[in-house]
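A.B. asks: Sequence:
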Amino acid sequence: MMKKIKYCLLLTLSLTLVGCFGANQSSINRWIDNPTANEIKVTIDGKELTIPAKSGINYTFEYGKHTLSYNNDDFNFVVKPAQFGELGLINPTQSNYYLYTVIYSTSEMNDEQYEKILRENREINSIPAIIDGKEQEIEMPAKLINDVFIEHSQYHWDYSYDQPFPKEITQDLKLKKNQSYQQRYRKLYRESDFIEFLKEDEQEDISFPYNPKKFSEISQYVIPKIDLNNIKCEAGRQYMEGLLNDWNHLMTLKGSDFTKPYDNLASNDAMAKSYGSEDKCTEANDPEKTYSKELRQFVDALRNTRDVNFYVVK
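For the sequence shown, position 141 matches number 140 in the working numbering, and the numbering has no gaps at all.
Keep in mind the hints are simulated off the structure, nothing from the lab. Computed from a prediction, not measured in an experiment: that's the story for all the values here. Hints may be right or wrong, so weigh each one.
Stated by the list, open to error - Straight-line Cα separation of at most 25 Å, BS3-like style, residue types lysine-lysine; simulated pairs:
#1 K64 <-> K313
#2 K198 <-> K133
#3 K213 <-> K53
#4 K115 <-> K198
#5 K115 <-> K166
#6 K142 <-> K212
#7 K231 <-> K272
#8 K213 <-> K115
Whenever a hint applies, use it, and build me the whole structure from the sequences.
C.D. replies: Written out as structure tokens, the structure is:
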């Protein structure tokens, strides 16, 4: 049996919903979270939603392109099948969440041993904070997250903000005599809950800066701009033109109409087929490999989003 050991050293330095990939799916449910102390209004595709304070709502999104508006600002995003069914939540207020790591161990550990494991695994980060009214950074086994779309495939939490760390975890480890075992687990915290968690060990008044961006400034996914005239191989140029047409058409589709065309572009088989199309252009008709350069930009862009259900687009 492994017991949780909380990391107490605080150094001052100056949701739960699953989106599954499936051919018969046409939509995904996602939790829209509001961790703030006030009710907010969010508009999805022209439909206004009222989200209570310190709560949230489930919302069903059809696959395809959508628009989210909040606080007189808006952005476009795509909802799609993911390579693997994953968890996630929507954070329209760009509030701060914290991914905190603890170690469960079959034996007692001191702070030095605990910190050594965390540092070896790059779990400790410097996080901007306000302590007793003074802005500074604190070093702790946590990661600050304030994305609009918080995807499990990127942050890999074991417990969501509404799931407490268990005091003990039971596993059949089959350890030898005097052998010990440690394992790291991560929990996602809303900021208010994280502050209460820290106050269990810290006496100082602690808060964190809130720096939301304009939606136009958040990271956006863009299919690279492909200039077909740069491709000197005719067969490759025609194939690439077909891929671009398929992508542009995909952005007009919704629901079940979206699923198969997306699969035809982004599945493993589809990408293998696209890479295989490089054979159309040889040393003889494309000595500078102009087709290969343009193709790989396009396919790599598709590959970069396969594991997420939501992403922002221009």
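A.B. asks: For this structure, which hints from the list above don't hold up?
C.D. replies: The structure conflicts with hint 8 only, although it agrees with all the remaining ones.
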